Amino acid sequence: MALIEAKEISKVYRLGDINVNALSNVTLSIERGEFVAIMGASGSGKSTFMNIIGCLDKPTAGQYLLDGVAVGNLNRDELAEIRNKKIGFVFQGFNLLPRTSAIENVELPMLYDGFPYQERREKAIETLRIVGLESREHHLPNQLSGGQQQRVAIARALVNKAPIILADEPTGNLDTKTSAEIMELFVRLNRDSNITVILVTHEPDIAAYSRRTIRFLDGRVVSDELKKSARKRAED
Amino acid sequence: MINIPSTIKISLRALKVNKMRSALTMLGIIIGVGAVITMLAVGRGASQKVSEQIASIGSNLLIILPGATTAGGVRMGAGTQPTLTLGDAEAITKECPSVSDVAPDLSGIAQVVYGNQNWSTGIRGTTPGILRVRDWPLASGRSFTEQDVKSATKVCMLGQTVVENLFGSIDPIGKIVRMKKVPFTVIGILDRKGQSPMGQDQDDVVYIPVTTAQKKLFGTTFPGMVRVIMVKAKTMEDLKPAEKQITDLLKQRHRIRLGQENDFTVRNLTQVMQTAEQATRVMTILLGAIASVSLIVGGIGIMNIMLVSVTERTREIGIRMAIGAKTWDIRLQFIIEALTLSLMGGIIGIVIGLTGSEILSIIAGWPTIVSPLSIFLAFGFSGLVGIFFGFYPAYKASLLNPIEALRYE
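Line by line, the protein sequences give chains D and F.
Under my numbering, the first sequence has 157 at position 157, and the numbering climbs by one with no breaks.
Positions in the second sequence are counted from 1; adding 236 to them yields my numbering.
By construction, these hints were calculated from the structure, which means they are not laboratory data.
Bear in mind the structure is a predicted one, so any value in this text is a computation, not a measurement.
We put the CB at the ideal spot given by N, CA and C, even for glycine.
One thing to keep in mind: the hints can contain errors.
So the derived list for chain D, only partly shown, Cβ under 8 Å to chain F, looks like this [said to hold, decoys possible]: (1) 57; (2) 89; (3) 97; (4) 125.
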C-alpha cells in the first residue's frame with residue numbers, strides 16, 4: 001500500500017457567497033521513499049494539497065489515507081499526533097521558535113511526544129549532527145544564517161523519525177549556493193534514510209532534484225512525471 | 237501525552253523573555269495579595285483587641301444596677317436609688333441555678349497611704365467571688381475569704397497600678413496601708429489586667445471585703461446596701477436564663493407588684509461587647525472585600541496580557557500545532573504562564589503584606605495580626621485568579637487554526 005493515497009480529494013472554500021474550488025477530484029498516491037516535487041502557480045491548489053497531505057486540513061470530499069489510516073475521520077488531537085509521528089514540516093520562513101536555542105527547537109516534537117529529557121537531548125544532538133550543525137546547538141535562531149536555520153528546521157522534522165518530510169518552498173529564502181546545499185541534504189536523507197520527501201516549489205532548478213514532478217493548475221493535477229535523471233544528478 | 241515539566245519550562249521561558257511585562261502584570265497581583273493580607277491583619281488586630289478587652293471585663297457577665305424607680309410620676313435614672321443589698325447578692329447565689337458566681341460592689345474613692353507615699357484610688361468592697369466573676373487571677377498572696385466578709389476584716393487586695401505607686405519595688409504582702417485612717421493589711425496582689433474597653437486603667441483598684449466597706453469605710457444609707465451586683469453565668473447559654481432568674485428573684489424580694497416598674501436593672505455587658513466585636517468583624521470582612529477587588533483587577537490585568545501574548549505568538553502556536561502540540565498542550569502552556577504570574581505575584585504579595593502590616597502597626601500603632609489562614613487564602617485566591625483569567629486566553633489559543641496561525645505575520 002502506498003504511504004500517501006489521495007482518492008478524489010476536493011476542497012471547497014467559501015469566500016463570502018462564492019465557493020472556491022481549491023482542489024477538485026485529485027487522485028494520486030506517493031510510495032514510501034519517493035522524492036516528489038509539487039509545482040504550480042500560486043492559487044493552483046498545491047498549498048491546499050500540501051495542507052491536506054500534512055494533516056493540517058481536511059478535504060471537503062474524497063478520502064485521504066496516510067499509511068493506511070483514513071485521516072478524514074480523526075479529530076484535532078488525533079491529527080496532531082499523526083503530524084507529530086509521521087510528518088516533518090519544513091517551511092519557507094524556517095518557522096523556528098524565536099529566542100529558543102537550536103537544540104530546544106529540535107527537541108520540540110519529542111516534547112509533545114513525551115520523551116524524557118535525557119533522551120530528547122541525545123536525539124536532538126544526534127540529529128543536529130546529521131544535518132551538519134554540531135557545535136551550534138545552543139545558538140539562537142537569530143545567531144544562525146538562513147541555511148543553518150533551515151538545517152535546524154530539517155533536524156526538527158527528522159528528529160521524531162517521521163517517514164515523510166513536507167517541505168514548502170524550503171529554499172525560497174535562501175541564496176543559490178545555500179539552496180543547493182539544502183537540496184543535497186534532502187537528497188541525502190531521501191537516499192540514505194529512505195525518507196519520503198515531498199517538496200513544494202515553483203523553481204524548476206529545485207524541482208530538478210526530485211525524481212517525480214507533479215504539476216497543479218486550478219485545483220487539478222495536470223501532469224505527473226517521473227525523471228530518471230534526478231538521482232543521477234544528485235550523485236554527481 | 238502531556239509533558240508537564242517541559243510545559244512548565246516552556247511557560248517560564250516565555251515569561252523570562254518579557255521580563256518587564258511579566259513584572260508589571262505581576263504587580264497587580266502583588267498589590268492585590270498584599271492589600272488582602274494587610275487589611276485582614278488590621279481587621280483581625282482590631283477584633284483581637286476588642287476580644288481581649290471583653291475578656292478583661294470577665295466573661296458571661298451580668299451587672300445588676302439599682303434604681304430606675306418612679307417616685308411620684310418622676311422616673312429616675314438607673315442607679316439613682318440605692319435598692320440593692322448584700323442579701324440580694326446572697327439570694328442570687330443561693331437561688332439562681334444558672335449563676336456560678338456573684339460579687340456585690342460598694343465602692344468609693346479614698347486616699348491610700350503607705351509610709352510616706354499616698355495614692356487616690358477606687359476602693360471596692362466586694363466578696364471573694366469577684367476574682368472568678370472578673371476572671372482575674374492573683375499575682376501573689378491570697379484572696380480574702382467568706383469569713384473575712386462575715387467578720388468585716390480589714391484586709392485588702394491591690395491592683396498593679398496601686399502597688400507601683402505606693403510600694404515601688406517593695407513586696408506589699410503583709411504591709412499595712414491606711415485608707416481614711418483605717419489600717420488594712422495587704423494580703424493579695426492582683427494580676428495585671430490592662431485597660432477596659434472604655435480606656436480605664438483596671439489595675440488602679442483596691443479590693444476589700446464588702447462588709448468592711450459598709451461598716452468601716454463608706455457607711456451605708458441602710459444596712460447591707462451595695463451599689464452594684466456583678467454576676468457570672470455558668471456558660472454563655474446560661475446568660476439569658478440567669479437574667480430571667482435574677483429578675484424574677486429580685487422582683488419577689490423587692491416586692492414589685494404586677495405592672496409596677498422594677499427598681500433594678502439587669503444588664504448583659506457581654507452582649508454589648510459582642511456587638512462591638514461583631515462590628516470589627518464586619519469591618520474585617522469589608523476591608524478584605526475591598527482588597528479582594530484589587531486582586532480581581534490584577535487578575536484582569538493577567539488576562540489582558542495573556543490575550544496580547546496569544547495574539548503576538550499566533551505563529552509560535554501554529555508551529556507548535558504543526559509539530560504535534562495537542563489542544564491541552566497549548567492550553568496548559570498559557571494557563572501555566574498565567575498561573576506562574578499570579579503565584580509569583582502571590583508570593584511577593586505575601587511578603588509585601590507581611591511587611592505592610594508590620595509597618596502599619598509600627599507607624600500607625602494599629603495592632604495587626606497576620607493569620608496563616610489569610611496568607612493561605614490570599615495565595616490560594618491568587619492561584620485561582622491565575623487559572624480563571626488564564627483559561628480564556630489559553631482556550632482561545634488552543635482553538636487557532638494551525639494553517640492560519642502559521643501564515644500569521
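For each hint, the structure was consulted:
About 6 Å separates the beta-carbon of residue 57 of chain D from the nearest beta-carbon of chain F, less than 8 Å, and the hint is met. Given the 8 Å rule on beta carbons, the hint for residue 89 of chain D holds: about 5 Å separates it from the nearest Cβ of chain F. Interface restraint check: residue 97 of chain D against chain F, minimum CB-CB distance 6 Å, threshold 8 Å, status holds. Nearest Cβ of chain F to the Cβ of residue 125 of chain D: about 17 Å, over the 8 Å cut. The hint is violated.
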